[in-house]
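Student: The chain contents come next:
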Amino acid sequence: MISLEEVATRRAPLALANLSLAWGPGAHALVGGAADGGALVLAVVAGATRLRSGRVRVLDGAPTDAGIRPRIGFVPVQPVLPPAMSVTEVLTLAAAIRREPEQDAEDRLRQLGIEALARRAVATLSPEEARAVAMVEAVTSSRVRVLLIEEPFVALDPRAVTRLPDVVRARAAEGWAVVIATSSVRDAGEIADDHVLLKAGAVVGRAASLDALAGFAPQGVLLRILAEDPRGLAAALAREECVEAVARRGAAVVARGRDAVELARAAGRAIVVSGARVTEIRVQPPSLDEVRAAAAGVEAATYESALDRTRASLLLAERRP
Amino acid sequence: MIAAVAWAPALRLLRTPRTRMAVAGWFAIALAFGIAARWRGSAHGADHALLGALGPLVLPLLAYVLVGGVVGGHSLSHATAPLVAFGASPARSAAAAILVAAGACVVSGALVAAGVDVLAHGSTDPPLLRDALASAYAGALGGAGYSAWFALGSSFGRRGGGRPVLLVADWVLGASDGAAALVTPRGHLRNLLGGVPPLDLSQRASAVALALLATGWALVAWRRAR
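Going down the list, the sequences are from chains A and B.
Numbering follows the working numbering, in which position 61 of the first sequence is assigned residue number 61; successive positions increment by one, without gaps.
Numbering follows the working numbering, in which position 65 of the second sequence is assigned residue number 65; successive positions increment by one, without gaps.
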């Protein structure tokens, strides 16, 4: 659905050089900081930035094609809504431009829990409310098939924050290509099924799960368990073989290991053994730097492995008569 | 599609209180000049009011306010950004904004010129109806010229900073009767209203020149914004 081939572009102070990516239906994430170019990639896919070289294809056409443009929903951090209109009028106008059947505005807004904004004038909306309206327009469109969201949970109305992941995942399940650009590993994990790690405009790694990738990071996987008897639980966890370290932080116990699944099993056993009453168990998302380090580690390991295989095959060839 | 993308700039123009007040203010000032000319009992009252107030002052500033209202005080491309975000073509959105501005300026220019002419009409001016129609025609053409001139200005700068620059350029260059006045709306509008022509052009030639220049300025503005 989306492909970038050897794309080079610049929007000061960011630049992309020879970037190639491809995404099909589903939820995808570009993970990187503000200076890494995730937002610029979204602008390229949306046709909002001119290319210096390379080619972008969206839904088998250029993103600037008249037939393709209305099928792309792009929600930047600071979207601009037409002023001097009510929210209902904005949704009606957007439907007319996208050439889609008009839907009831309140029904559309209800999907993100902001139906109370229907009669408000755009000029009276806070930036968070305006962004939620722009988000509703994009995620409830019947024409959009490619949805691009910059920092999905940043500067968004709190009512919409809780509902957005389910709505976006539902669209991805319907066959939309959803791409988010975020600097939050947690946000990326909450929405996307695969992750492209960006650094300074270049792809430094790809992963299906950032939690799994964290296992390759120097710090490993961290499991945080909130319990009523943290001391007993910590003691039980310390006896588990796959747990590398345990620490108590107030009412929480943090366990470190290499494998998320093994760690979760160990935590389950420790809870049963200690009899602790557990309130919450959560895998702590790794930081952006940890994920990048892990990706680099995986790539290095892959390189070393390939080198070893090459050396072995050369040795084998030398020994042959 | 054009109708849909024209809706937003039209509503912006009609619903922004500051624009409405400014437009009403310039209409009031123009009509006040017309009334003042009548009170003075001038035999060529319409000529004096049209050439003294409408051409050099009211019509340019009225068009400036109207074009600024259509683009919301920003650049042309910034003004069309919300529509482009919904999938509208930037070219169509820019064309719609330029057309809405042109329509507003043509209608306002014709109305204010005819109104001033009727109020200031003197004893030796041509017959009222014919003179009012001629003034409305000149006002409409002048409005079209100024809308395109300021649309061109709106295509420069992030906040449409080219608009005030072209306002000043029109004032300075258009004041003369030399070649410089040929490239501004002011010189041709003055000729159409019965004033000193630029380079001794006939009124018909000025009308054609203004129409051609307006089309050219609008096309350049559209090309820059799309």
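Just to be clear, a hint being listed does not mean it is correct.
Covered by chain B, per the in silico footprint, the following chain A stretches (three or more residues, Cβ under 8 Å) [stated by the list, open to error]:
(1) 50-59
(2) 172-185
(3) 265-279
Computed from the model, here is a short list of chain B residues facing chain A with C-beta under 8 Å [stated by the list, open to error]:
(4) A6
(5) W7
(6) L11
(7) R40
(8) A43
(9) G73
(10) S77
(11) L83
(12) S176
(13) A179
(14) A180
(15) V183
(16) R226
If you're looking for bench data, these hints aren't it; they were derived computationally from the structure.
Quick caveat: nothing in here was measured; it's all calculated off a predicted structure.
Quick reminder that beta carbons are idealized off the backbone N, C-alpha and C, glycines included.
Student: Would you mind marking each hint as holding or not holding in the structure?
Tutor: Consistency of the hints with the structure:
1. Coverage of the region 50-59 of chain A by chain B is violated in this model, with 0 residues showing a Cβ closer than 8 Å to a Cβ of that chain against a need of three.
2. Only residues whose beta carbon comes within less than 8 Å of a beta carbon in chain B count, and the region 172-185 of chain A has 0; fewer than three means the coverage is violated.
3. With a cut-off of 8 Å between beta carbons, the region 265-279 of chain A has 0 residues touching chain B; three or more are needed, and the interface restraint is violated.
4. Interface restraint check for A6 of chain B: the shortest CB-CB distance to chain A comes to about 11 Å, outside 8 Å, so the restraint is violated.
5. The beta carbon of W7 of chain B comes within 6 Å of a beta carbon in chain A, closer than 8 Å, and the hint placing it at the interface holds.
6. Annotation: interface hint on L11 of chain B holds; nearest CB of chain A at approximately 5 Å, less than 8 Å.
7. For R40 of chain B, the interface hint is violated, since its Cβ never comes within 8 Å of a Cβ in chain A; the closest pair sits about 41 Å apart.
8. Of the supplied interface hints, the one on A43 of chain B is violated, with its beta-carbon coming no nearer than about 46 Å to a beta-carbon of chain A, more than 8 Å.
9. Interface restraint check: G73 of chain B against chain A, minimum CB-CB distance 10 Å, threshold 8 Å, status violated.
10. The interface hint given for S77 of chain B is broken, as the beta carbon of that residue sits about 11 Å from the closest beta carbon of chain A, more than 8 Å.
11. Because the beta carbon of L83 of chain B sits about 6 Å from the nearest beta carbon in chain A, less than 8 Å, this interface hint is met.
12. Violation of the interface hint for S176 of chain B is found here, the shortest Cβ-Cβ separation to chain A being roughly 40 Å, above the 8 Å cut-off.
13. Given hint, A179 of chain B at the interface with chain A, is violated; its Cβ is 38 Å from that chain's nearest Cβ, farther than 8 Å.
14. Contact between A180 of chain B and chain A, as hinted, is not supported at the beta carbon level, the nearest pair being about 36 Å apart and thus beyond 8 Å.
15. Interface restraint check: V183 of chain B against chain A, minimum CB-CB distance 31 Å, threshold 8 Å, status violated.
16. Look at R226 of chain B: its Cβ only gets to about 11 Å from chain A, farther than 8 Å, so that hint breaks.
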